[in-house]
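Dock chain E against chain G, hints included.
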Amino acid sequence: MKGYEVLFTGNNFLRLLSGLWVTLRISLISIGISLVLGVLLGAAMTVRNKAVKAVCKVYLEVVRIMPQLVWLFIVFFGITRSTGINLSGETAAIIVFTIWGTAETGDLVRGAFVSIPAHQYESGLALGLGKAQLYFYVILPQTVRRLTPNIINLSTRMIKTTALVSLIGVTEVLKVGKQIIDANRYDAPDAAIWVYAAIFFMYFIICFPLSVFSKKLADRSK
Amino acid sequence: MNEDVVIEVRDLKKVFGENVVINGISLTVKKGETVVLIGPSGCGKSTLLRCLNGLEPIQGGSVLLHGEPVEYGKRSLYRIRQKIGMVFQDYGLFPHMTVLDNIILAPVKVQKRSKQEVTEEAMSLLERVGLGDKAKSYPSQLSGGQQQRAAIVRSLIVHPDIMLLDEITAALDPEMVHEVLNVVLDLAKNGSTMIIVTHEMAFAEAAADRVILMDGGIIVEENPPEKFFRDPDTERARKFLSTFSYSR
Chain G
1 MKGYEVLFTG
11 NNFLRLLSGL
21 WVTLRISLIS
31 IGISLVLGVL
41 LGAAMTVRNK
51 AVKAVCKVYL
61 EVVRIMPQLV
71 WLFIVFFGIT
81 RSTGINLSGE
91 TAAIIVFTIW
101 GTAETGDLVR
111 GAFVSIPAHQ
121 YESGLALGLG
131 KAQLYFYVIL
141 PQTVRRLTPN
151 IINLSTRMIK
161 TTALVSLIGV
171 TEVLKVGKQI
181 IDANRYDAPD
191 AAIWVYAAIF
201 FMYFIICFPL
211 SVFSKKLADR
221 SK
Chain E
1 MNEDVVIEVR
11 DLKKVFGENV
21 VINGISLTVK
31 KGETVVLIGP
41 SGCGKSTLLR
51 CLNGLEPIQG
61 GSVLLHGEPV
71 EYGKRSLYRI
81 RQKIGMVFQD
91 YGLFPHMTVL
101 DNIILAPVKV
111 QKRSKQEVTE
121 EAMSLLERVG
131 LGDKAKSYPS
141 QLSGGQQQRA
151 AIVRSLIVHP
161 DIMLLDEITA
171 ALDPEMVHEV
181 LNVVLDLAKN
191 GSTMIIVTHE
201 MAFAEAAADR
211 VILMDGGIIV
221 EENPPEKFFR
231 DPDTERARKF
241 LSTFSYSR
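The listed protein sequences derive, respectively, from chains G and E.
Residue 4 in the working numbering is what sits at position 4 of the first sequence, and the numbering runs on without skipping anything.
Residue 240 in the working numbering is what sits at position 240 of the second sequence, and the numbering runs on without skipping anything.
Rather than coming from a laboratory, the hints here were simulated on the basis of the structure.
Remember, predicted model here, so these are calculated numbers, not experimental data.
Where hints are given, some of them may not hold.
[Unchecked claim] Listed next, with one range per pair, are the computed distances between beta-carbon atoms: (1) E:40 with G:61: 38 to 48 Å; (2) E:17 with G:25: 52 to 62 Å; (3) G:114 with E:171: 13 to 23 Å; (4) E:115 with G:18: 46 to 56 Å; (5) G:114 with E:20: 24 to 34 Å; (6) G:9 with E:138: 54 to 64 Å; (7) G:132 with E:116: 44 to 54 Å; (8) G:52 with E:171: 32 to 42 Å.
[Said to hold, decoys possible] Pairs of lysine-lysine, DSS-like flavour, derived with a Cα cap of 30 Å: (9) E:115 with G:131; (10) E:227 with G:131; (11) G:215 with E:136; (12) G:131 with E:83; (13) E:30 with G:50.
Quick reminder that beta carbons are idealized off the backbone N, C-alpha and C, glycines included.
If we strip away everything but chain E, and leave its shape as in the complex, we get:
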């Protein structure tokens, strides 16, 4: 198999009761690639991300990380998840720990790395996202944008093979959206492998190597950003994009 493939999704199906949320999606992400998932609310894009690191059971198909199946409820999942970083819409920082303790928890307790080495790396990453002076602060003392940047650092420090970003700016004020997305853009430029769910079209265009439009649980269109945003192949994509522009 191809060494470059980080994650491979084959004919994935996800059903909540009667409701088919993902209806046969296949997708391959290569090393260093940034894939942006867009689509209307409820189209299944967040659910897709959650299936990729086994937070949801799936009802058909498979997810492979470096060829190894990601299976909900299996013991192997705990090991596999260390290779998948995930950042959520509502940050998910642990409120009873300082920013630094949040960040070093997984590398020290799960990966058994030395506390000193991890702390040094944490500090340099915090510096890089502009939070060098916030290491000893508690999450509640930080703005939403700062919390989200700290959450990104917390995912990065375990050196994941792929990062999943699930609408990470949806709960933020417009000004903070920018500071967070700049961090992500920086990651994309430096060759991180990422799947990003977002509603920020300008960001999607700047960050993506590939844009995927989902609707009704399937992939409607998949194209490089310059093609997708200028001259999409499908009518559905055109219609979706038109909802982001205004004219009178």
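Chain G on its own, in the form it takes in the complex:
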């Protein structure tokens, strides 16, 4: 059997797609929760209270310093061991990616807020805008504009990093690919290149439009 035929044998392609769906499900749920929590974290990081700032900073740095894989192991194996709660791999993955995404989103939100120059606030106030009007019409639209390209970039990074979750037993697209390759090791020894190429294109089809979109947005907001 030729390598590429493996892709279309039986329901192999469908299996890859369902693996891709697992990848997307983990990513999208994590990104969604991260956005909500990240905006809150970002807002917390801009307050003057030193204690709040310090806590946020520690959280951010701790999350960033440790590789995502370590986090996955800690949450997946660690929580089960220490509490006896049996987390599914997918739940553990969503927890870890949310912890990570929240930290990164928070930092982006903070950055977007502080990058709005003081004169934007002052000229809004000088026009007689109230606090709520100032934020609604002047500050937030600019913040969202600066934020969107970065959030999309973060999303593509998160989607790609979900490949790690196969290491805690989640059958996402990469894992499915590996299973297909292993099952056809003798019939089609060169299946690997084709399966991985197919996976490459799947990631590409999802991430490329996103990065084009974010680049467009970034250019527009200049």
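Then chain E, alone, in the frame of chain G:
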């Protein structure tokens, strides 16, 4: 009290930490008057303007607009600020809105005037400052001088009782300074009440009804322009003016 007095400053004090920036300034501006504030950098003139519409807390004295106190942090400030137009050195146009949207934001959202009426007025004001064709442009598509003229229109359209212009040409190329200051000169001629902080002495002389020299947080000299620029009363004024002329 005198109906003609628009803004009255009584013994104003402003301190940043240890640093006394304004050390007891009293000042009255009448309706239709153009007052030009000059002085060396750091003399407190920009800070004074910022105190006048409550962008800065003050540590002593008072600011009254038509007899009503302007108080930092008070709710009444939002209403009072609608009567005080302010234009800044760095324009402060909102980059995500067109020039027209920048201009009609405050009258429509704050003053609740009809969008159509405000748009018409905005267009005629833009026409007047030579920006009739720029209404739909975004600020980033405009030159600095054009942006600053748009910012002036944005302050004018709320029909303020007084305009505060804070070094509005300091960030501009020399050629653009002229186009912006001509707009201001036009306002002065038509009886707008203004306090202008500037480093452009020729403009100060042409626009001012009264020139005030500040130094070290106090008023050093206050005179009509013809007196101030020809024959100032104080040695300090003479010295300050001499820094603008060159001879070899």
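Checklist entry - Regarding the pair residue 131 of chain G and residue 83 of chain E, is the alpha-carbon distance no greater than 30 Å? => result Judged against 30 Å, a Cα distance of about 17 Å means the pair holds.
Checklist entry - Can the restraint linking residue 215 of chain G and residue 136 of chain E be considered satisfied, given a maximum Cα separation of 30 Å? => result holds, 24 Å
Next on the checklist: Assuming the hint says 54 to 64 Å, is it satisfied by the Cβ distance from residue 9 of chain G to residue 138 of chain E or not?
Outcome noted: Holds, at about 56 Å.
Item to check | Satisfaction of the hinted span 52 to 62 Å by the C-beta atoms belonging to residue 17 of chain E and residue 25 of chain G | outcome: holds, 55 Å
Next on the checklist: Tell me if the beta carbons of residue 114 of chain G and residue 20 of chain E are separated by a distance inside 24 to 34 Å.
Outcome noted: Because 30 Å falls inside the window, the suggested range holds.
Checklist entry - Taking the beta carbons of residue 115 of chain E and residue 18 of chain G, is their distance inside 46 to 56 Å? => result About 53 Å separates the Cβ atoms of residue 115 of chain E and residue 18 of chain G, which means 46 to 56 Å holds.
Item to check | C-beta pair residue 52 of chain G, residue 171 of chain E: status relative to the range 32 to 42 Å that was hinted | outcome: holds, 36 Å
Item to check | Distance restraint hint 44 to 54 Å, applied to the beta-carbon atoms of residue 132 of chain G and residue 116 of chain E | outcome: violated, 25 Å
Checklist entry - Taking only the CA atoms, is the gap from residue 30 of chain E to residue 50 of chain G under or equal to 30 Å? => result Distance ~46 Å between residue 30 of chain E and residue 50 of chain G Cα, so the pair is violated.
Item to check | Satisfaction of hint between residue 131 of chain G and residue 115 of chain E, Cα-Cα up to 30 Å | outcome: holds, 22 Å
Checklist entry - Between residue 114 of chain G and residue 171 of chain E, is the Cβ distance one that fits in 13 to 23 Å? => result holds, 22 Å
Item to check | Pair hint outcome, residue 227 of chain E versus residue 131 of chain G [Cα-Cα no greater than 30 Å] | outcome: Violated, at roughly 45 Å.
Of the numbered hints listed earlier, those contradicted by the structure are 7, 10, 13.
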